[in-house]
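Visitor: Listed here are the chains, written in short residue letters.
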Amino acid sequence: MSITRRSVLKGLVAAGTAATVGAPVAFAARERKKPQPDAVGMLYDATRCIGCKACVVACKEANGLPPDPGPATGGMYDAPIDLSDRTKNVIKLYREGGRISYMKAQCMHCVDPACASVCMISALHKGKYGIVEYDPDKCVGCRYCQIACPFNVPKYEWSKAFPKIVKCEMCRHLQAQGKGPACCAVCPREAVIFGPVDRLLADARGRLQREPVRYHPKVYGEKDVGGTQVLYLSAAGIPFEKLGLPALGDQPVPEFTESLQHAIYQGFIAPVVLYSALGLVMYRNRRKRPAGEEGEG
Amino acid sequence: MSHRAEPVGGPILTRPFKVLLGVLVTGLLLTAWRFVSGLGPTTGMNDGYAWGIWIAYDVVTGTALACGGYAVALLCYVLNQGKYHPMVRPAVLTSALGYTLAGVSIVIDVGRYWNLWKVPLLWNWNRNSILLEVAICVMSYIFVLWLELSPAILEGFERDNRYPLLRRMSLKIHPFVNRAMIWILALGILLPTMHHSSLGALMLISASKLHPLWHTPLLPLLFLGSCLFMGYAVVVFEGEISSQVFQRQRETRMLVSLSWVMVDVLFVFLALRLGDLALRGRLGLLLNLDFHTFFFLLEMALFLAPALLMMKRERRYNPGIQFLSAMMMICAGMLYRFDVYMIQFDPGPGWSYFPAIPEMFITFGLVALEIMVYIFIVKRFPILAGIAPPPSEPSLGAAGVPASGR
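Residue numbers (the working numbering), protein chains in the order written: chain A, 1 to 297; chain B, 1001 to 1406.
Hints listed in this document are in silico derivations from the structure and should not be mistaken for laboratory results.
Backbone N, C-alpha and C fix where the C-beta goes; we use that ideal spot for every residue, glycine too.
Do not rely on the hints blindly, as some may be mistaken.
What the hints assert, rightly or not - Below, a sample of chain B positions facing chain A; criterion: calculated Cβ distance under 10 Å: (1) ASN1046; (2) TYR1163; (3) TRP1183; (4) MET1194; (5) GLU1238; (6) TYR1353; (7) ILE1357; (8) PRO1358.
Stated by the list, open to error - Here are some chain B residues the structure puts well away from chain A; computed CB gaps all over 12 Å: (9) VAL1025; (10) TRP1051; (11) VAL1104; (12) ARG1112; (13) LEU1132; (14) ARG1167; (15) ILE1189; (16) GLN1247; (17) PHE1295; (18) PHE1364; (19) LEU1369.
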C-alpha cells in the first residue's frame, strides 16, 4: 500500500471520529449545584468594617499560624499584606481619591469550588456545612488548586521541606465546641457575621433594600461562580472588582471542564471503543503485511 | 549497510559523555537541596505562578517532544505504513526516556511526594480531575513505552553471549512479548491521545488567568494536534543528529512522505486556532499590538513557515530544509506550550515568575541524563538501522542469534 494523502487523511479522520465518539451525544452541561441544605457561611459588610484587624489576629490565634511581619512595619509586627501560607484571613485597604474601603479576604467556600473539582484524590473537598476542607493526608502538593482557584486563595508552604496547602476552613476545628469562625466571633462591629447561607443572603438583601444609597447594588457571591458561601456587600460607588473580587460571571468555574471530562469519559466507553478499534485495525494490518516486513516495534 | 537495527557499539565514556555526567551531577546535588529546603529557596515559583518550568517544560513540553513514538506508531501500525518501521525503535526509545524523566520531574515538583502512591488507588479517585487522568495515563504510558521497547532490549541480550542467564530468559520471554505487542501498541496510541488532549484541557479551568487569545474550548484538540507534529519533528531532528554522530544513512526519503502529512496537520492546526478566535470574536485582541500580540504572531510565523517550506515537493527532499522545518515546528510547539502554561498565564497584579538558577539546572540535569541513557542504549542495543558496523567491535552485532518471531 503506497502512502497517499487520501489514505492518511482517511485514517486520521477515522481515528478522530473514534476518539470523539459519544462525546457530542453525551455533551450536556451537568446540573448546576445548589448550596447544601446545611450550608453555613459568612457575610462581610465593607461599610461596617473599620479595619481594626481584630479578625486577623483572632484567625492566627485560632489556627495556630505564625506571624507574617509585613514590610510596612520593618519586620517588627505581624502585619500581613495578603493571604499567604501564614495568613488565612486578611484585611486590605482600598483607596481612590478621598474614598476608602476595607476588604476582608479568605476562602470564599464556593458552592461549586474549582479547587475541589481539580484535586486528584480530593484532598480539597466539600465537607460538612459546605465548608471546603483540606485533608493533608491526601494532598500530593501538585498545586493545581492554586492554578484553578479564580480568587487565588489556596497558599503553599514554599519554604518548607514538608509543605502543606494553607487556606481558611471556617474554623471547622472549633465546631466541636459549638463555635463559629474566630474572625466572626471577634468582630466588634459585626462587619463579618457567621450563619446559615440562606439566612445571610436574606440579611444581605434586606440591607440593600433598606439602605439602597449606602450600598453598591449587588450581593457578591449570591450568583457569582455559581454562588459562594461567603457573601460580600460593598459601599455605593465601589464595585467589587475594586476590592479584588473579580467579575467572573455566574457559571461555576468547573462546570465546563467537568461536563467535557464526563462527556469524553462517560462510563469509559470512548476509550474502550477507541482501544478496540486500534487493536483491530492493527491486527488486520499485521496480517495484510508481507512476512518480510513483520515486526514488533 | 544494513536495514536491520544494530547496536552502534563503541566506548561509552567519551568526552561529551563526561560533560553530560558533570551536568547530571550538578542537577542531582541541586535536587538534594530542593528536597532538604523546599521549593521556595530553590525555584522561582510562588503562590501566583504555582507551576514553573518543571511542569511547563519537563512535563508538558517534554512529553510532547517525546511524541515521536506516538506519531510514528500511529503511521506505522494504524495507517499501515510499513516503510516507517526502521524509525520506530529510535522514536520509541526517545519517547520512553522523555516520559520517564517527565515522571521523575513530577516527583521533584510535587511538594508532598510521599503521598503519591495514593494517586493510582481507584477508590481515591476524583473523577472530575483532569490532572488525575493525566497522571494515570502518563504513569501507564511510561510502562507501555518500555514494553514497546522491550523487544530491542531482549534482542540485545539474545545476541550477547556474555550473560547466558539473561540470554536464556530473553529467548523465553520474547515470543510472549511479540504476541502481546499489538495490544500494547494499541495502548501506546490510546494513552497519548487521551493525555495530550488532557494536557490542553488542564488549563481550561483557568479561564480568568489565561489570556483570551490562548484560552479556548479547543485547547484539548490544539494540544493533541501540536504533539503530533512535535513528535514528527523530533523524529527528523533525532534522525539527522544520529546520522551525523553515528555516521548512519539518512532517512530523508522516508521522512518526505511523513513531512507532507505534517503540512496537513499544521494547516489544520492553524485553521482551528484562527477560526476559533474569529468565531468567538477575539481576533480584535491582536490589534492591541502588545506583548500578547507579539507572542501570538511569533507563534503563527513559526507554525506557518515550516508548512509553507514543505509544501513544495522538491524542497521536501532537501535534508537541510527538512531539518530546518523540523526545528521550527519544535520551536512552534514549545512556544505554544510555554505560552499556555507560563507566558500568557496571569494570576493577577503583583505576581511574576522567572525560573531560578537551581530550578533550571535541575532541568538541565534531567535532559543530560536523558541523552546519556540514549547514547548508552543505542550503543549497546539494536535500536538504530542503517549503521556500518564499527571496526573496533565487528563481532558484536554480526554474530547475533536471530530472535524468534522475526
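Visitor: If a hint holds in the structure, say so; if it doesn't, say that too.
Guide: Hint by hint, here is what the structure shows:
{"no.": "1", "hint": "ASN1046", "verdict": "holds (7 Å)"}
{"no.": "2", "hint": "TYR1163", "verdict": "violated (22 Å)"}
{"no.": "3", "hint": "TRP1183", "verdict": "holds (6 Å)"}
{"no.": "4", "hint": "MET1194", "verdict": "holds (6 Å)"}
{"no.": "5", "hint": "GLU1238", "verdict": "violated (16 Å)"}
{"no.": "6", "hint": "TYR1353", "verdict": "violated (12 Å)"}
{"no.": "7", "hint": "ILE1357", "verdict": "violated (17 Å)"}
{"no.": "8", "hint": "PRO1358", "verdict": "violated (14 Å)"}
{"no.": "9", "hint": "VAL1025", "verdict": "holds (22 Å)"}
{"no.": "10", "hint": "TRP1051", "verdict": "violated (6 Å)"}
{"no.": "11", "hint": "VAL1104", "verdict": "holds (15 Å)"}
{"no.": "12", "hint": "ARG1112", "verdict": "violated (4 Å)"}
{"no.": "13", "hint": "LEU1132", "verdict": "violated (4 Å)"}
{"no.": "14", "hint": "ARG1167", "verdict": "holds (18 Å)"}
{"no.": "15", "hint": "ILE1189", "verdict": "violated (5 Å)"}
{"no.": "16", "hint": "GLN1247", "verdict": "holds (24 Å)"}
{"no.": "17", "hint": "PHE1295", "verdict": "holds (20 Å)"}
{"no.": "18", "hint": "PHE1364", "verdict": "holds (22 Å)"}
{"no.": "19", "hint": "LEU1369", "verdict": "holds (23 Å)"}
Violated hints for the displayed structure, listed by number in ascending order: 2, 5, 6, 7, 8, 10, 12, 13, 15.
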